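Q: The lines below spell out each chain.
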Amino acid sequence: MPTIDFQGKQIELDEDGYLVNLGDWTPDLATHLATGDGMTLTESHWEVINFLRDYYAKYQIAPMIKILVKEIAKSMGPEKGNTKYLYELYPAGPAKQACRYAGLPKPTGCV
Amino acid sequence: MFCWGAKAKSLNAVGFPNARDWNPTEEDWKLPENWQEIFLEGMRERLSKYRSFRLFMDICVRCGACADKCHFFIGTGDPKNMPVLRAELLRSVYRRYFTKAGKMFGKLAGARDLDLKVLKELWYYAFQCTECRRCSVFCPYGIDTAEITIIVRELLNLLGLNIQWTMGPVADCYMKGNHLGIEPHTMVNIFETMCDDIETLTGIKITPSFNRKGAEILFVTPSGDFFADPGTYTCMGYLMLFHELGLDYTWSTYAAEGGNFGFFTSNEMAKRLNSKIYAEAKRLGVKWILGGECGHMWRVMNQYMDTWNGPADFLEVPKSPVTGTVFENARSTRMTHIIEFTADLIRHGKLKLDPRRNDHLKVTFHDSCNTSRAMGIFEEPRYVIKSVCNHFYEMPDGTTREQTFCCGSGSGFNAGENMELRLRGGLPRANAVKYVRDKYDVNMLANICAIDRAALTTSMNYWNPGMGVTGVHELVANALIMTGEKKRETNMRGDPLDMPVEEPEAEAGAAAPADKAAGGKANV
Ligand code: SF4
Ligand code: SF4
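Line by line, the protein sequences give chains A and B.
Just so we're aligned: 90 in the numbering used here is position 90 of the first sequence, and the numbers increase by one with no gaps anywhere.
Just so we're aligned: 140 in the numbering used here is position 140 of the second sequence, and the numbers increase by one with no gaps anywhere.
None of these hints come from the bench; they were simulated from the model.
Keep in mind that this is a model prediction, so the values were computed, not measured.
Backbone N, C-alpha and C fix where the C-beta goes; we use that ideal spot for every residue, glycine too.
Wrong hints could be hidden among the right ones.
[Said to hold, decoys possible] Looking from chain B toward chain A, a few residues come up when the C-beta cut is under 7 angstroms (computed):
#	residue
1	TRP165
2	HIS179
3	LEU180
4	GLU183
5	THR193
[As the list claims (entries may be wrong)] DSS-like, lysine-lysine: derived pairs with alpha carbons at most 30 angstroms apart:
#	chain 1	residue 1	chain 2	residue 2
6	A	LYS84	B	LYS205
7	A	LYS80	B	LYS205
8	A	LYS66	B	LYS486
9	B	LYS486	A	LYS80
10	B	LYS120	A	LYS106
11	A	LYS106	A	LYS70
12	B	LYS271	A	LYS106
13	B	LYS30	A	LYS66
14	B	LYS30	A	LYS106
15	B	LYS120	A	LYS70
16	A	LYS96	B	LYS9
17	B	LYS486	A	LYS74
18	A	LYS84	B	LYS486
19	B	LYS205	A	LYS74
20	A	LYS66	B	LYS487
21	A	LYS106	B	LYS276
22	B	LYS434	A	LYS70
23	B	LYS487	A	LYS84
24	B	LYS434	A	LYS96
25	A	LYS58	B	LYS276
26	B	LYS487	B	LYS362
27	B	LYS9	A	LYS9
28	B	LYS30	A	LYS84
29	A	LYS74	B	LYS487
[To be verified] Where chain B lies over chain A, by a calculated footprint (3+ residues, C-beta under 8 angstroms):
#	region
30	49 to 61
31	64 to 71
Chain A extracted, bound-state conformation (with noise of 0.2 angstroms):
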């Protein structure tokens, strides 16, 4: 599996760029990751990457988008509430790219 050496240390991520060990995550990993896709991560990502891991952190997976959409629009507003501004902050999608930076695992099944 490839790692990527990260402030001296080793990082194993899997075949699609995720955190194989949680623990691993750092806010400037966070930044590393969004860089090496040629993104900078403005408040307004840092906002959603928070409350994935927090959601994270009680549920043990990500939130479905449902939920996040609910929350953005809590805490940013509502006319922010809606995928389509997820979407312009995580153009590959918000499950995919912000869990990745987030440091989540992604959800397998039926999805």
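Knowing the structure of chain A, use the given hints to seat chain B with the ligands on it.
A: Only chain B with the ligands this time, still in chain A's reference frame:
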């Protein structure tokens, strides 16, 4: 075109052999030294255990009737994706080690040594067959190539050669009760969110129960229905329907999965996962089980469950508490498909429906491989759709009912890395959808399977952008007039309704047109 190899942690979770991390793109697949022996011994065992397997190895006359019937052959043009040649990959090994002619004459008799190259080829093509069984409909000998693929996957599984997209869900279902690994408290949180949405839409507060002992019915659906859109709208549809009926039912956080990805690894694993549903039914003391809109779950139920874990005679034969109908077809499994249950409700005029609320949709129906070819569920979904929608159009003959085309991602292929294969395999279905889109302006593709809802969404985005995908119970929920509901402003997805202006008395008499609709259609 392939999925990533199964991970050690998932294989370990269910005690599968040769658990290790491996990568199909690397030369070394980290096989046990005696892998050949294991494979052939597994084959010997299955040849004596399954008469059908030996028969399918022996009787193919290579007439070619199946050759162009596979969606993967149509979509890839790869000759080895012709069902006859897919099976030939294993047949050549069978000849070499299990027939006299093959042992003596080798290549001349169409036999091949089982070497690493052959093994890798078997792996590659076993995971380019969705076990959809379309080919078997056309074979004059009734050879079911899906059954051969199932055996090949079992044999590969003995060597730890599975794919992670099926192994992850299998391990999660075994450990946590569902494919997605949703924990009990998470499941409750998700349902609260869905019920909030229902309240916003209808003004009605629903509080479903979980793991409730003594409920009459246990309801089980694929976990995709309560995690991913558009399945969630169908799940909300179940909740609304059951609430309106006042059904005495419970969800379970232990048997929280109707699907069975175990079936895509080995029969034994499928049996282990299937048994959880029955263990839970027993523990809760329910009378019977109702199952959600799923495809392969019903193949497992209808064709295998009874021999594996049945008969479930501690349960009662399913009987609708609303209409009194006894579902005789579920006499041994004691589990009924929700589409049969709902069709029966409508037939008896038990639902108040306003199909105009689906007037913004022009709907077609995709028969899932498993509910159609393994169960013969053809009429019920069509009857339900026509009762709740005014605009329904069939795709061309030869692409529906028992000849339906696979969504392209069945049997656990829904992985992102497998996109090219999925889109190629999805082409024949998408092509038929395009036909009704161009001809009738169809904008919604309905189905009764959670894999379909995920797979067709992706496939349509690519082949027919703008085409929506929906479960049938989302359409039911749009049309369902609930007691005490407020006037609906939007459909289940929050899109404004495209309806004629209501007459002033519509509020009070909202049931009137719907009664007519339900009553009228019930006589069909
Ligand atoms: S249709 Fe049946 S007999 Fe003919 S080639 Fe295919 S599997 Fe063999
Ligand atoms: S079962 Fe389906 S996918 Fe497999 S060979 Fe037959 S038609 Fe193709």
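Q: Each hint should be assessed against the structure and marked as holding or not.
A: Here is what the structure says about each hint:
no.: 1; hint: TRP165; result: 6 angstroms, holds
no.: 2; hint: HIS179; result: 3 angstroms, holds
no.: 3; hint: LEU180; result: 5 angstroms, holds
no.: 4; hint: GLU183; result: 5 angstroms, holds
no.: 5; hint: THR193; result: 5 angstroms, holds
no.: 6; hint: LYS84/A to LYS205/B; result: 28 angstroms, holds
no.: 7; hint: LYS80/A to LYS205/B; result: 26 angstroms, holds
no.: 8; hint: LYS66/A to LYS486/B; result: 23 angstroms, holds
no.: 9; hint: LYS486/B to LYS80/A; result: 27 angstroms, holds
no.: 10; hint: LYS120/B to LYS106/A; result: 27 angstroms, holds
no.: 11; hint: LYS106/A to LYS70/A; result: 20 angstroms, holds
no.: 12; hint: LYS271/B to LYS106/A; result: 27 angstroms, holds
no.: 13; hint: LYS30/B to LYS66/A; result: 41 angstroms, violated
no.: 14; hint: LYS30/B to LYS106/A; result: 25 angstroms, holds
no.: 15; hint: LYS120/B to LYS70/A; result: 46 angstroms, violated
no.: 16; hint: LYS96/A to LYS9/B; result: 22 angstroms, holds
no.: 17; hint: LYS486/B to LYS74/A; result: 25 angstroms, holds
no.: 18; hint: LYS84/A to LYS486/B; result: 28 angstroms, holds
no.: 19; hint: LYS205/B to LYS74/A; result: 21 angstroms, holds
no.: 20; hint: LYS66/A to LYS487/B; result: 23 angstroms, holds
no.: 21; hint: LYS106/A to LYS276/B; result: 25 angstroms, holds
no.: 22; hint: LYS434/B to LYS70/A; result: 34 angstroms, violated
no.: 23; hint: LYS487/B to LYS84/A; result: 27 angstroms, holds
no.: 24; hint: LYS434/B to LYS96/A; result: 29 angstroms, holds
no.: 25; hint: LYS58/A to LYS276/B; result: 26 angstroms, holds
no.: 26; hint: LYS487/B to LYS362/B; result: 23 angstroms, holds
no.: 27; hint: LYS9/B to LYS9/A; result: 23 angstroms, holds
no.: 28; hint: LYS30/B to LYS84/A; result: 44 angstroms, violated
no.: 29; hint: LYS74/A to LYS487/B; result: 26 angstroms, holds
no.: 30; hint: 49 to 61; result: holds (count 3)
no.: 31; hint: 64 to 71; result: holds (count 5)
Consistency note: the structure conflicts with the earlier hints numbered 13, 15, 22 and 28.
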